[in-house]
Amino acid sequence: MMAIGSREAVIQNLEDAGCEPGMIEDFLGWFDKGQQEKQLELLGHHRESLLGRVHKDEKRISCLDYLIYQIQGKPAGKR
1 MMAIGSREAV IQNLEDAGCE PGMIEDFLGW FDKGQQEKQL ELLGHHRESL
51 LGRVHKDEKR ISCLDYLIYQ IQGKPAGKR
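Following my numbering, the numbering of the sequence shown begins with 1 at its first residue and continues without gaps.
Ranges between beta-carbon positions, derived for each pair:
| no. | residue 1 | residue 2 | range |
| --- | --- | --- | --- |
| 1 | 71 | 16 | 34 to 40 Å |
| 2 | 26 | 6 | 14 to 20 Å |
| 3 | 10 | 66 | 40 to 46 Å |
| 4 | 6 | 69 | 45 to 51 Å |
| 5 | 4 | 72 | 46 to 52 Å |
Pairs of lysine-lysine, DSSO-like flavour, derived with a Cα cap of 30 Å:
| no. | residue 1 | residue 2 |
| --- | --- | --- |
| 6 | 74 | 56 |
| 7 | 74 | 59 |
| 8 | 38 | 56 |
Just so you know, these hints were derived from the structure itself, not from any lab.
Beta carbons: idealized from backbone N, C-alpha and C, even for Gly.
Using the sequences plus the hints, can you model the full thing?
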């Protein structure tokens with residue numbers, strides 16, 4: 001298993017990544033048991049969730065850009 005830094009640094013990283021306290025607790029439990037696969041599974045699920053939000057927000061931005069284009073008659077960002 002690869003060393004990933006101090007427990008405090010790992011907790012801070014998980015918090016910075018938007019992980020909920022329950023997920024952090026689960027992650028640390030798997031960490032303490034040396035269950036790297038379970039840790040990676042948790043991180044993967046959280047990453048997928050974040051990426052889903054990004055894609056949803058990208059679609060919203062595209063909708064706004066289209067509306068701006070319709071109103072101004074020129075591409076958004078070229079004002």
